[in-house]
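Just so you know, the sequence shown maps onto residues 1 to 136 in the UniProt record's numbering.
Any given hint could be a false lead.
What the hints assert, rightly or not - PhoX-like, lysine-lysine: derived pairs with alpha carbons at most 20 Å apart: (1) K53 / K35; (2) K47 / K17; (3) K17 / K45; (4) K7 / K53; (5) K35 / K47.
Hint data in this document are derived by calculation from the structure and do not stem from the laboratory.
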Amino acid sequence: MSERLLKIGQRIEVSGKDVRGVIAYVGMTSFAVGKWVGVILDEPKGKNNGSIKGQTYFSCDENYGMFVRPTQLVFLDEGGNQIDVGEVQTPEEKPRSRLSSSRLSLNRSTSSLGSKTQLTSPGGGGASSGQSSIPT
């Protein structure tokens, strides 16, 4: 599932429930562990108004609200057609060609090891300080 589509205002369909609506809440709740999505439905086929056990997560008319797991969502475009989430790619998901800052830092630190490192040849003999047993 694309986290990019998991945002307030996104049109969705709830898989297996034959209902459509709009995402109104994404996050943790006090009624159950894990990430939940609050949906304002197009029809009064829900179970709440955006509040559960006295906690308000979003507001809508009674029976127009429903909480579902993110895995239950089918994302829809403006025309009501399903969006193929495999084709949706955010800049964060695109392959990167630059080294991350931690790899750059590691790359810089290895260049200072030089003569302080003792290399061992495949034959088991150690190289003397400042000399390399790696064939050149």
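Outcome of the hint check:
Annotation: proposed proximity of K53 to K35 holds, straight-line Cα distance about 17 Å (limit 20 Å). Between the alpha carbons of K47 and K17 the distance comes to roughly 12 Å, so the proposed pair stays at or under 20 Å and holds. Restraint check for K17 and K45: satisfied, since their Cα atoms lie roughly 9 Å apart, inside the 20 Å limit. Between K7 and K53 the alpha-carbon distance is near 24 Å, which puts this suggested pair outside the 20 Å criterion.
Under the criterion of a C-alpha separation no larger than 20 Å, the hint pairing K35 with K47 is consistent with the structure, at around 18 Å.
In terms of the numbered hints stated before, the structure departs from hint 4 and from no other.
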